[in-house]
Amino acid sequence: KAGVTQTPRYLIKTRGQQVTLSCSPISGHRSVSWYQQTPGQGLQFLFEYFSETQRNKGNFPGRFSGRQFSNSRSEMNVSTLELGDSALYLCASSLLTGQETQYFGPGTRLLVL
Amino acid sequence: KQEVTQIPAALSVPEGENLVLNCSFTDSAIYNLQWFRQDPGKGLTSLLLIQSSQREQTSGRLNASLDKSSGRSTLYIAASQPGDSATYLCAVPLKETSGSRLTFGEGTQLTVNP
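Here the protein sequences line up with chains P and W, keeping their order.
Counting along the first sequence from 1, when you hit position 80 you're at 81 in the working numbering, and nothing is skipped either side.
Counting along the second sequence from 1, when you hit position 15 you're at 1241 in the working numbering, and nothing is skipped either side.
The set of hints was computed from the structure by calculation and includes no laboratory data.
The structure presented is a predicted model; accordingly, all values stated were derived computationally and were not measured.
C-beta: ideal position from N, C-alpha, C; glycine also.
There could be a bad hint or two in this list.
Which bits of chain P does chain W cover? Going by a derived footprint, with three or more residues having C-beta under 8 Å, they are [to be verified]: (1) 37–51; (2) 88–97; (3) 101–114.
Capping the alpha-carbon separation at 27 Å, the derived lysine-lysine pairs in DSSO-like fashion look like this [what the hints assert, rightly or not]: (4) W:1268 to P:14; (5) W:1227 to P:58; (6) P:14 to P:58; (7) P:58 to W:1294; (8) W:1227 to W:1294; (9) P:58 to W:1268.
Covered stretches of chain W, as calculated for chain P (at least 3 residues, CB under 8 Å) [what the hints assert, rightly or not]: (10) 1254–1266; (11) 1269–1282.
Start from the sequences and build out the full structure, keeping to the hints where you can.
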């Protein structure tokens, strides 16, 4: 069974630009969560999607948004990039409720110059 | 608000040693606790998930215990190997929030020296 995949793996953008990251969950998994990881803040929850609906949202500004498609694939978008958005963005998938094991993808490394 | 703490922040041991990593959480209303491993610049690999009703969970040389009432979990690694070198993270989902929102500790960076 294929694991969680994320594209692209690396990305360089400049301040003010926008970026879209993609996550394909494990086949059959319906919950997709996104996290931001930085050396200073650690792993922080961005949002979770389940059956195309946002189920949970973390404390990030409105520049961070996401969506989920009918095949459970998810995208997150960051508009008006800031230097502080440089981070490793991880997505995780789980079967249904999130009370099961969550499986993480390899991440997208975003560098904002 | 759930807070998760991991001690120590870093640990360096010689190969073959048994070791214990600690995780504590402030809110005991959890569904489960999950231990992950992260290699530098990589994603997280799930090691063990221990349900709130369980006391222990084992996988190979790894053993995780959970004491929900005291807000503690430990990850025991037997006969450590250089390949075990990584950052180990624990994470909990809160019962009051439905779904998959995990709160993570800051991690323990483990180095196993040959």
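Okay, the hints, checked on the actual structure:
| no. | hint | verdict |
| --- | --- | --- |
| 1 | 37–51 | holds (count 5) |
| 2 | 88–97 | holds (count 4) |
| 3 | 101–114 | holds (count 9) |
| 4 | W:1268 to P:14 | holds (20 Å) |
| 5 | W:1227 to P:58 | holds (15 Å) |
| 6 | P:14 to P:58 | holds (25 Å) |
| 7 | P:58 to W:1294 | holds (26 Å) |
| 8 | W:1227 to W:1294 | holds (16 Å) |
| 9 | P:58 to W:1268 | holds (24 Å) |
| 10 | 1254–1266 | holds (count 4) |
| 11 | 1269–1282 | holds (count 5) |
Comparing the model with each numbered hint stated earlier shows that all of them hold.
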